[in-house]
Amino acid sequence: MTDKFSRRDFLKLAGVGTATTAILTGCGPASRYVKREPYMLMPEYTYNGQSTYYATTCRECAAGCGLVVRTSQGRAIKTEGNANHPLNLGKTCARGQATLHGLYNPDRVTDPLQRKRGNVSAAKMDWDAAIQTVADAFKQYKPNEAAFLMGTSSDHLFDLVTDLCSRTGLNLPVRFGALSMFESRATLAKAAENLFGEAGLPFFDVGGAQVVFSFGANFLETWLSPVSYTRGFAGLREGQTKKRGSFIQFESRMSSTAGKADEWIPLQPGSEALVALAIGRLALEMRGGPLPRAFADIDPRTAAARSGIELETLERYAEMFVNSTGVLAIPGGAALGQTNGLAVAEAVLTLNAVADNFGKQGGVFFSPTAPGQEKYQRSASVKEMQDLVQKMTDGEIKVLFVHGVNPLFELPASLEFKKALDGVEQVISFSTFPDETALESDFVFPDHHGLESWGYQRVSTGSNQSALSGSQPVVSPFYNTRSTADVLIAAAQLAGGDFAKALPFKDEVEFLQEKVAPLLNEVDGYFSAPDINTFMASFQQYGGWWKNSDSRVIPNTADVFNRNLKAAEAEFAGEGEFFFMPFVSPTLAEAGANKPWLQELPDPTTTVMWNTWVEINPETAHELGLEDDDVVKIISEAGELEVPVYRYPAIRPDTIAIPFGQGHTAYGRYAEQRGVNPADLLGRHFNEAGDLAFAGMKVRIEKTGKKQPLSRLESIMGVYGVGLGEEH
Amino acid sequence: MIKRLIDWLKQPLGLIAVGIALLAVFSFAAYGISLTQQPPEQPVQFPHQTHVAFGIQCLYCHPGAAKGPAAGIPSQAKCWACHNQIAKTETSLLLAPLKQAVLSGQPLEWVPVAQVPDFVQFNHRAHVAAGQNCENCHGDMSKVTIAENPQVFNMGFCLDCHKQVAGDDHEKLVKLVDCGTCHY
Amino acid sequence: MIRPEEIKMSADESGKWGMVIDQDICTGCQACVAACAMENNISFVGEKDSGYGRSMHWIRIERFWEGEYPEVKMTPNQPMLCQQCGSATCEPVCPAFATVHSQAEQLNLQVYNRCVGTRYCANNCPYQVRSFNWRDYERPEPLSNQLNPDVTVRRRGVMEKCTFCIQRIHKAQDKAKSEGREVLDGEFTTACAQACPANAITFGRVDDPESLVSQLAKKRGHGIKHLEELGTLPNVTYFKGG
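Protein chains in written order, with the working numbering: chain G, 1 to 728; chain L, 729 to 912; chain A, 913 to 1154.
Just chain G, with the same shape it has in the complex (with noise of 0.2 angstroms):
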């Protein structure tokens, strides 16, 4: 060959060859490239190719529905509802569909790390150094100098760490969980407090009801317990009293649940209570009698003016109340999450004392306290949040164990959670998942993930039985990882003294049997066992523990009527000329951006995949000369963020709605630089029961003059291509 035959020629030449042989010979057996490991020791209950199904608790949010895995050679394949599970009877949503995709998530934290706060790159340590660690921490700081910021979920962890705190004198653990904030928890536990003299979580009944009224309540996306609501709406449709309900939403944007609704009602935000009270007293009247206290005040036509309804509509809605039976009244969602949030959900609760329902059939009953429960816990609210990050500023907090939560992603910007960790001598973070607070913590000491732990939760609401929801592993720790409870019950008998008598414990199973054991006394319950081994395998093969009969609880409404209600409108902070609607997304809610298969699925109104965007109504883009996929500038007061419009043809005119979900800055690669953080947006304002005013803020829009096309799947149905600029 001459000498000019250059390299490329050969490759093109040896690649013709290469590819003949390969077409040639690559039609035998893929045999040779493939390896078998038999197992070692084969489990119990274990055959080649077959399934195994281990019963266990979801942990994407803190409803506690039950779920049977399968498992095959040791991987969880599959999430499957719990059919035994009073909760979910054996449904699911999306986000626990999706939690393998948590799992066997490729950015998971591998290893115990020790970092310098805010670098990507960190040094692995064993775990003997991360419980020293720990231990050190116990004993080095003052026992009200260390605080616990714990999640939702998993309840048996936030046991474990508030007996620990009890028992050593430590400040107790604060909850938190950015779903618990945009369901306003403390708000429907605060009004059914002034109502019926007992703080609690009010359960709905709304498969048992004729006409639902829900004022901003989004129980079908992801308010409280979603799959048991949905459960309830089917039946509400399908009628358990064989006639199709009927279900009416007042909210300023149509949310996926009141895309459900039969008449979806855009008031005019913060004239929920006005309408609710006055709805009250138009059905009182028809009734005749005396109009009592709580309704006394109210002008139905103010309110109608107020509010936006027409008059003849809110009579229209009066007279159901009159005529109809089973009449329910839910009060949620952005509603509360206003100023005068507390007054709202007085206000609604109220009216379903007109409708007569509590404690029937289609009404309103408290759901029942899980079992070894004695009062309704809720999680902390903002407000109280705020107390937290005032103690970290002032440096009166010298070390944060943080677990099951993301402050720096789910609180508001505004409160200036990552300045207040600079007030904080160390941070040690729990989080499976490389997410914003672990970035910014000095040790990440991961835990498994749900499906590889140990734990119950305590099913809140949802349940007509009183429940307590089982977790065991069905699979073995992927990676190097510990389960917190057996970290801190390792690092309090290191430490000695007070805290290895506090968690006097070999590991985390022997806690749970403690605190499982007094079940073995109860009557009435699914199983019973003479003995705690039985018991707890029973436990682990039914995925938990729940009585037989409804034990909803009927509230005590003797003075509802009788008390001075107040027809408060909201506040709104800020300038701006739009109303902010932040809600959460029904596909990803807090914690789910970083799940590709959740970001992959279209969100149920406007479609939107992997993004971010802001729903504006055509009338008023048009006004502004804004068209699909253009990026705007939303101001508030609290700050600004960019994100492309999408025009959305059920929102009110003044009203403009983000999704909360997105705008990762850290929490792996499906979910990082990925859309906007609406939280950003939002301003230290609270309602009466101390949740933070979400849905209290106006804001300014400004255009950019960019686009950025969103990926949406309602293209599909028209022509390909449409939806990303040029070919590609």
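One or more hints might be untrue.
[What the hints assert, rightly or not] Heads up, incomplete: computed chain A residues facing chain L, CB under 7 angstroms, no partners named:
1) V1012
2) S1014
3) A1016
4) E1017
5) L1021
6) N1025
7) T1064
8) T1075
9) I1078
10) Q1079
[Said to hold, decoys possible] Negatives, chain L to chain G, calculated, CB over 12 angstroms:
11) P775
12) Q777
13) V780
14) F782
15) Q813
16) E818
17) A829
18) V830
19) V839
20) N861
21) H890
22) A894
23) G895
24) H898
25) E899
26) K900
Source of the hints: derived by calculation from the structure; they are not laboratory data. Note that the structure is predicted; figures quoted are calculated from it, not measured. Just so you know, even glycine gets a beta-carbon here, dropped at the ideal spot from N, CA and C.
Following the hints, complete the assembly by docking chains L and A onto the known chain G.
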């Protein structure tokens, strides 16, 4: 550049070179194909014939075949249950890898011999239940050390048998030649 | 002996497996979509490709808008999946016989190993429920641990679509046969129906008048079969409700 090469190839010497090159490619291919038909190298030269001669049933070590899709490789604990009690295990060179694997807790990496492609969903149970003997597909294991394939597992092999088994039973034939029976 | 070629194709088959979907109670929550993806090893394609309409959902929830603000309404959510037509338009156009009708199960099969990626079937499907693997979509380790061993992992250039969870059908049949009985109604169901929190999806034998699907279809009445007028003989019945 390529053009000059083609010109060069057109002269007699070039043609011979092309011939040699083609021959080389084809013999390499033939060698490749023949490789696929040879039993692969295994971590242990497992003597199937010895085990069969001791009267151990196939299903003792591969019980999955009667229960589900995969016959499975026995766990090392199962091997050890017998070998632990056999004096030869201590001395035999052949058994050294097994002993080492069990004691060190490391898995032996077996290479599967009888394999179907990923897009075929094969179920042993149905075949065993239909009265097929292991040797119908896997050959007589009393004659081989490490397993060998007596034939290529291709679709023709499957279908020939399926059609024969169905015979005149129309319903059975429909089921047994349906694409969806194996491919999904 | 009958040869496979002699098996007759008849267009008026009544179907075997079918579904009833109640749009009135479907909340559009996407649980079915996620369950389907997890069960059937469906690839996620990322933001850019999904924007091109290349997402691989085997089932999707359609919703349309009616009217303008404030009289705007969202039409009942419509889960759209392969209708497993008795006389499918995708089948006759496949030059590779990769899109074929299963005589045994009365389903539209997609035989991945035969598929050469002409995409004729997808273009001829009036329901737009077929998705094509435009690339070998990345599934970074260890995500592959989740893959269902009962379902083939598809590669680039292959068409795919809902199979009515045929792997579950086979598993149930295999189990029933091993116990010497017929498959019972409700013994198993598809991943979407299993997950649906509202129980909006019911799956079963449409050729058995006693099955739950047949009973539901009879009880509710006024069921719609989409694009029935095209003569596709779809096996999914929808109830609009309301």
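How the hints compare with the structure:
1. V1012: holds, 6 angstroms
2. S1014: It holds, given that the least Cβ distance between S1014 of chain A and chain L is near 4 angstroms, below 7 angstroms.
3. A1016: OK, holds: A1016 of chain A within 7 angstroms of chain L, min 4 angstroms.
4. E1017: holds, 6 angstroms
5. L1021: holds, 5 angstroms
6. N1025: At about 4 angstroms, which falls below the 7 angstroms cut-off, the nearest Cβ of chain L leaves the hint on N1025 of chain A intact, so it holds.
7. T1064: Since the shortest Cβ distance to chain L is 5 angstroms, the answer is holds.
8. T1075: holds, 6 angstroms
9. I1078: holds, 5 angstroms
10. Q1079: holds, 6 angstroms
11. P775: Fine: 17 angstroms to the nearest Cβ keeps P775 of chain L off the interface.
12. Q777: The claim holds: Q777 of chain L sits with its nearest Cβ about 21 angstroms from chain G, beyond 12 angstroms.
13. V780: holds, 19 angstroms
14. F782: At roughly 20 angstroms from the nearest Cβ of chain G, F782 of chain L sits farther out than 12 angstroms, so the non-interface label holds.
15. Q813: holds, 17 angstroms
16. E818: The claim stands: E818 of chain L keeps its Cβ more than 12 angstroms from every Cβ of chain G (closest is about 20 angstroms).
17. A829: violated, 8 angstroms
18. V830: For V830 of chain L, whose nearest Cβ neighbour in chain G is about 8 angstroms away, the distance does not exceed 12 angstroms, so it is violated.
19. V839: It is violated; V839 of chain L is separated from chain G by about 6 angstroms at its closest Cβ, not greater than 12 angstroms.
20. N861: holds, 20 angstroms
21. H890: Holds, since 20 angstroms exceeds 12 angstroms.
22. A894: Since the minimum Cβ distance to chain G is about 26 angstroms, A894 of chain L lies beyond 12 angstroms and the statement holds.
23. G895: holds, 29 angstroms
24. H898: It holds; H898 of chain L is separated from chain G by about 31 angstroms at its closest Cβ, greater than 12 angstroms.
25. E899: Non-interface label on E899 of chain L holds, nearest chain G Cβ at 28 angstroms vs cutoff 12 angstroms.
26. K900: Non-interface label on K900 of chain L holds, nearest chain G Cβ at 25 angstroms vs cutoff 12 angstroms.
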